[in-house]
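Q: So you can see what is in the structure, the chains are spelled out below.
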Amino acid sequence: MEGASTKDVLSHLSLLEVQMRSQKIQSQQPSRLKELQEKAAALRRQREQLKVEIQMHRDLQKLIASLDKQRGEDEEEMEEDSENSDLLRLMARHTELKDLLLAHHTIGGYDIMKTLRGKGVCVTVATAYEGVYLERFSLEFDVKPAVRLVRHDVPPFIPLTLLIEQSCIQTDLRTLLDPLSRHLNAYTGRKQQLQLVKQLHDSVEVMESNVLCSLLVLLFKLPAENTAFLCSLDYSDACRSLPTRVSFQCHDKELPDSAEWMKIRSLLLETPVHKALTAMRKMGNIL
Amino acid sequence: MDESTKRLVQRLMRRIPSKMLKITLEKWGRLTEKQQREIEAVQSKRALTEHLLSFCEKNELGVKRLTELEMIHIIDNPNQEMWYAFRLSDPEDDARSVDLMQFKEQFKSHIRELVSQVSVKIRKHTDEAVWIRIAWGDTYSCPNHLKPTYVVHNLQTPYVFVTSLTSKKKLMLSQALVLSTRYQSLKDANLSGRKLTAIRDLLMRQYQQVFPTKYPSPLTERNQTVTNPHIEREQAKPAERRLQLACEAFGVGMLPQLQSAVYKLETKLRDHTDRTMREREEPFRCVVKFASTNLLESLKNCASSGIASTPVTPLLSSIPLKGKNYFVITENGPGPSSQMS
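Sequence order for the protein chains is H and D. Going by the numbering used here, the residue at position 273 of the first sequence is 273; the numbering climbs one at a time, nothing skipped. Going by the numbering used here, the residue at position 107 of the second sequence is 107; the numbering climbs one at a time, nothing skipped.
Each hint should be verified, as a subset may be incorrect.
Claimed, not checked - Only part of the chain D face toward chain H is listed, based on derived beta-carbon distances under 8 Å:
1) ARG96
2) SER97
3) THR157
4) TYR159
5) THR163
6) PRO212
Unchecked claim - Result set (DSS-like, lysine-lysine): computed pairs, CA atoms no more than 27 Å apart in a straight line:
7) D:LYS104 - H:LYS191
8) D:LYS104 - H:LYS253
9) D:LYS237 - H:LYS114
Stated by the list, open to error - Label-pair restraints from in silico Cβ distances:
10) H:GLN166 - D:SER141: 46 to 52 Å
11) H:GLU205 - D:ILE231: 58 to 64 Å
12) H:GLN249 - D:VAL328: 34 to 40 Å
13) D:SER292 - H:LEU287: 50 to 56 Å
It is worth saying that the hints were derived from the structure and are not from the lab. Beta carbons: idealized from backbone N, C-alpha and C, even for Gly.
Starting from the given sequences, assemble the full structure and let the hints guide the process.
A: And the structure:
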């Protein structure tokens with residue numbers, strides 16, 4: 001008799017029934033002996049099963065290794081060592097894929113998995129900026145009869161429908177995922193920069209921003225006479241986290257064109273805004 | 001002070017509850033400190049109205065300033081009006097670079113072209129939403145400030161939220177919005193409710209959705225009532241699956257507080273017992289309305305407790321998926337399938 005399984009009600013009930021019946025037997029010892037013999041037989045069967053499993057795993061590892069080798073070389077005959085070779089090959093491929101997916105997840109690439117209803121897949125795109133993981137966005141696709149997006153949590157200002165139209169998801173999902181990942185990473189990067197500006201730079205006031213974080217208007221205070229200086233950053237390339245255009249506005253019409261501010265303009269075009277502001281404060285350009 | 005301004009003040013005092021009045025007046029900032037303190041000392045609404053009327057006369061505050069007060073109140077308490085969601089579609093290429101100044105100028109000029117007498121006020125709220133207050137008039141009358149329309153829009157998103165307005169005004173408003181946001185059309189999004197925050201969060205997906213993942217963080221929601229440990233153990237796996245499917249359909253955490261959903265059925269009646277009804281050709285029209293203080297939470301509970309079958313039927317999961325709470329269900333083809341629009 002196997003050990004009591006608490007998962008199955010019926011087997012538990014039958015166990016109780018047997019126990020009751022065995023208690024009715026006159027002498028305890030013979031039944032106890034019988035019990036132990038049966039237990040030993042069960043354990044022996046389990047040991048045989050485990051031995052077979054270990055052997056199978058060893059064969060699998062061998063196959064995986066030979067599959068790798070086969071890829072590096074041109075046509076080589078695969079030896080038909082056992083009748084289960086096809087099955088083993090499939091299992092080897094499966095294990096390989098699982099390892100690949102885990103590695104992909106670890107380096108922050110796309111995650112993909114089957115949905116609970118079994119009809120499709122769910123892909124997760126991770127975003128990161130300056131070495132910090134930010135938000136993850138998921139997309140659920142049905143794969144039969146055709147690949148079709150069912151639901152997602154991509155925010156509405158990312159042009160997802162446009163990207164789907166421009167890609168061919170029926171043949172290669174990456175034609176959608178790669179551009180989408182660029183958009184999403186750039187968006188979270190810009191959003192993160194805005195958060196950092198608000199956190200680190202109290203003296204700089206954010207006059208305007210939008211949900212897409214594609215526009216930023218900052219108010220600087222200049223050390224000289226405490227004048228105000230307005231700086232507009234346009235991020236019109238949705239796939240970049242650096243601005244495409246920087247413009248200044250000030251009472252003193254000539255100040256924005258001075259050499260000092262031309263340098264600052266190129267600084268703002270090339271460095272993330274929160275870092276640029278730190279540099280500007282250090283150099284004394286702004287308060 | 002003329003009659004219409006007086007009526008406006010009275011209406012404002014009726015709308016703003018006494019406890020919010022102090023804060024709203026402070027934010028408005030049009031009363032002197034002395035006047036502010038005087039008003040705070042008063043208790044009855046009637047006396048408050050009298051005071052405010054006299055202060056407005058003294059400070060020479062006209063309709064324009066009073067509408068500011070109304071706007072401040074509505075922006076801070078948006079969950080009292082009835083809001084309707086609309087969707088902009090087919091953006092032009094430059095829709096993504098429309099900035100606030102451009103939108104303000106364009107909207108004001110377009111609406112003034114379309115409506116001969118109109119009063120428009122635009123404010124940008126701290127959460128990047130643009131609020132517009134429109135008082136409508138026509139060739140024969142001044143703008144009516146007692147029945148204004150409020151519009152809320154986030155630039156670069158396709159959603160617009162509007163308080164109730166007639167179909168004629170809707171046409172003019174959508175025209176002005178379409179031209180100033182650089183989209184091609186404005187359509188009804190079939191989502192409405194009293195809580196602006198709820199319908200906005202639903203459409204902008206500002207709640208936490210759940211997707212199947214290989215690396216799950218454990219769902220913190222669990223049925224806390226332990227009825228019987230044996231039932232717990234037996235039901236653990238099915239209960240977990242139900243909870244996972246319910247969360248995938250509706251989300252976790254604080255769900256947008258939607259308060260109603262309406263299904264208009266135009267399907268044939270399927271009743272095995274009643275032959276006459278079954279043989280009718282015309283559809284059996286009826287309207288089913290779900291109402292709750294927190295509709296999505298209660299539907300999710302139905303699914304996770306097993307009252308509604310899982311996987312959640314598309315009829316219910318379409319509410320968060322499509323961001324709608326008004327559905328028309330028609331018969332389409334043979335069999336048990338029915339189309340959803």
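Q: So which hints don't hold here, by number, going up?
A: Numbers 5, 12 - these are the hints that the structure violates, sorted from lowest upward.
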